[in-house]
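These protein sequences, in sequence, are chains A and B.
So for the first sequence, the numbering used here puts the first residue at 9; every next one is plus one.
So for the second sequence, the numbering used here puts the first residue at 11; every next one is plus one.
Hints listed in this document are in silico derivations from the structure and should not be mistaken for laboratory results.
Be aware that a few hints might be false.
Said to hold, decoys possible - Taking lysine-lysine pairs in the DSBU-like style, the calculated list, with each CA pair at most 35 Å apart, reads:
| no. | chain 1 | residue 1 | chain 2 | residue 2 |
| --- | --- | --- | --- | --- |
| 1 | B | K314 | B | K19 |
| 2 | B | K314 | B | K233 |
| 3 | B | K19 | A | K233 |
| 4 | A | K233 | B | K314 |
| 5 | B | K19 | B | K233 |
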Amino acid sequence: MVESSPAITVDGLTKQFGDLTAVDGLRFEVASGEIFCLVGPDGAGKTTTMRMLAGVMAPDAGSATVVGYDVVRDPEGVKNHISYMPQRFGLYEELTVDENIRFYADLFAIARREREARVAQLLAAAGMARFHDRLAGQLSGGMKQKLGLCCALIHTPRVLLLDEPTTGVDPVSRRDFWRILYSLAAQGVTVLASTAYLDEAERCHRLALLHQGRLLLCDAPGRLKSSMPGAVVAVTAPTPAAVRDELQGMPGLSSLLVVGDGVHLVVDDVDLRLPAIRERLRAAAIPFSEIARVAPTIEDLFVASITRQAEARP
Amino acid sequence: MNDTAVAVKDLVKRFGAFTAVDHVSFDAHRGEVLGFLGPNGAGKSTIIRILCGLLHPTSGDVHVGGIDVARQPEAVRAQIGYMSQRFSLYNDLTAVENLRFFGGLYGVSATEFGARSRWAVEMSGLAGRETALVATLAGGWKQRLALGCAVLHQPSILFLDEPTSGVDPISRRQFWDLIHRMAATGVTVFVSTHYMDEAEYCNRLALIDRGRLVALGTPSELKRTTMTGGLLLVECEPLGEALVALEQAPGVLEAAIFGDAFHVTVLAIEPALRDLPRYLAERGLRCGRITPIPLSLEDVFVQKVGREATAGTTAS
Chain A
9 MVESSPAITV DGLTKQFGDL TAVDGLRFEV ASGEIFCLVG PDGAGKTTTM
59 RMLAGVMAPD AGSATVVGYD VVRDPEGVKN HISYMPQRFG LYEELTVDEN
109 IRFYADLFAI ARREREARVA QLLAAAGMAR FHDRLAGQLS GGMKQKLGLC
159 CALIHTPRVL LLDEPTTGVD PVSRRDFWRI LYSLAAQGVT VLASTAYLDE
209 AERCHRLALL HQGRLLLCDA PGRLKSSMPG AVVAVTAPTP AAVRDELQGM
259 PGLSSLLVVG DGVHLVVDDV DLRLPAIRER LRAAAIPFSE IARVAPTIED
309 LFVASITRQA EARP
Chain B
11 MNDTAVAVKD LVKRFGAFTA VDHVSFDAHR GEVLGFLGPN GAGKSTIIRI
61 LCGLLHPTSG DVHVGGIDVA RQPEAVRAQI GYMSQRFSLY NDLTAVENLR
111 FFGGLYGVSA TEFGARSRWA VEMSGLAGRE TALVATLAGG WKQRLALGCA
161 VLHQPSILFL DEPTSGVDPI SRRQFWDLIH RMAATGVTVF VSTHYMDEAE
211 YCNRLALIDR GRLVALGTPS ELKRTTMTGG LLLVECEPLG EALVALEQAP
261 GVLEAAIFGD AFHVTVLAIE PALRDLPRYL AERGLRCGRI TPIPLSLEDV
311 FVQKVGREAT AGTTAS
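Let's have the full structure, built from the sequences with the hints guiding it.
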């Protein structure tokens with residue numbers, strides 16, 4: 009996948025708003041044709057990073073380039089090669105799907121000869137061809153996001169910046185949206201998307217986990233998961249709180265979490281702790297149906313990483 | 011002892027010619043955390059508005075805490091608390107002023123208010139910050155304060171709309187811990203969400219699609235019983251061609267790309283494990299690992315709801 013120089017380089021990028029450091033010394037690279045996710049809660053610095061990379065906000069320190077253009081020295085060069093879809097993308101609700109796309113085609117000065125074919129191709133890829141004459145205001149959340157993407161793609165950008173494109177979108181529409189992103193990446197478009205949904209981050213090639221403006225972790229989801237120390241164990245049980253109360257404080261167990269039908273926890277050593285958990289619950293006569301190791305989620309990694317940092321602090 | 015907190019029987023709601031809720035029946039028990047999942051416009055919000063006494067049902071019986079919502083919507087409202095997605099706090103008021111405002115709205119008496127507000131401050135970890143402007147509070151605190159406001163009048167039923175979206179994972183875990191502790195005191199909690207991580211925290215899930223209840227069960231029941239087949243992790247390159255090939259492969263119901271691999275829903279695990287490697291190799295694709303993996307709730311959702319459901323427009 010990495011054939012050429014990186015599509016995006018970010019080096020020590022920093023942005024201050026008064027006393028608040030919204031983005032604090034970020035450093036990462038995104039390869040050409042890669043789908044890269046900025047992942048983190050509200051206030052982690054995702055939108056500010058996006059804005060700086062789109063050339064619409066100047067950093068206070070550090071530098072960044074997008075397809076070779078410096079975001080500070082040559083923001084116009086950046087803008088010519090990217091598409092930026094902010095969280096509230098400017099769709100005209102009282103215009104139809106077709107009219108919205110044509111408006112963006114005008115903005116980006118797409119030649120009339122190319123236009124018809126391009127619009128048809130985008131609508132077909134988004135599965136929206138049969139809704140072309142519907143008012144944008146009458147589309148569902150997922151369809152609106154797909155229309156926003158069509159508008160953003162009208163001019164064949166080399167880099168696509170998407171700020172929380174799937175917030176409020178249901179899982180089925182989200183899958184469709186990701187399918188479109190993968191077909192773009194296959195055509196060589198580099199995608200940088202942000203999300204506050206940690207489970208969604210599992211879909212990208214690589215991700216940067218952000219917290220309070222800082223980079224916590226950056227790697228492929230699979231590699232991040234296999235690097236997590238210990239293992240996540242799920243105990244399925246009808247009375248989760250009783251399981252938690254019984255297991256709390258047992259050696260080698262941490263991060264006990266009551267979920268809907270059981271308890272999730274982290275153990276240092278599966279072979280040692282699983283039999284111990286089983287025995288403990290049996291001895292206390294607390295019912296359970298299953299105790300099994302499960303794959304860690306990105307949220308597990310996030311929590312483990314923050315906890316380690318907090319412990320390392322004096 | 012009757013432990014049914016909410017009883018919904020044959021509920022129908024029509025808006026003109028459109029049927030938003032189509033013969034839905036379910037019960038929620040005291041102390042239960044019940045999740046509502048479904049695509050945009052499936053009818054989740056309509057059901058919740060009816061349960062809150064804000065919309066009149068077209069037909070069917072809905073009892074909340076033993077009260078008939080069609081006959082006594084006002085009485086129902088005294089029993090419920092509601093916390094919206096982007097917590098409806100006033101940023102330019104302090105924490106305590108927000109509590110006082112919501113206490114007034116919900117009719118909490120002056121004598122009760124002191125104790126309830128102290129409880130809310132302690133529960134949300136805001137001790138020492140009672141007079142801080144809400145605008146200056148971090149997300150996790152705001153969220154717990156919003157919860158405090160929503161339950162100041164000690165409702166027996168609590169509605170949460172994507173309560174932890176955008177909140178950092180540590181605050182989110184604290185929040186769900188609070189919710190489960192509250193449920194343990196007998197409060198029934200309804201959670202409406204698109205967020206499968208949130209759905210995992212629910213004791214039972216109701217999947218709503220086009221106004222109908224299409225599945226109801228615990229997260230593990232749904233994962234076990236929904237799928238006719240199973241789920242495989244398939245490593246195969248190049249991704250684009252592999253996706254097309256996988257979608258057309260015999261026995262494959264659905265394929266989705268996850269990073270550098272696919273999650274493939276198949277009719278049956280064994281034949282797929284046997285046949286897929288050869289099928290992919292015959293098409294010139296390089297195949298790596300193929301291994302069964304456990305289902306996620308998202309897989310359940312996608313299989314139950316299906317694609318055609320999201321092709322249309324919203325109801326509202």
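Each hint tested on the structure:
{"no.": "1", "hint": "K314(B) with K19(B)", "result": "holds (22 Å)"}
{"no.": "2", "hint": "K314(B) with K233(B)", "result": "holds (11 Å)"}
{"no.": "3", "hint": "K19(B) with K233(A)", "result": "violated (45 Å)"}
{"no.": "4", "hint": "K233(A) with K314(B)", "result": "holds (29 Å)"}
{"no.": "5", "hint": "K19(B) with K233(B)", "result": "holds (26 Å)"}
In terms of the numbered hints stated before, the structure departs from hint 3 and from no other.
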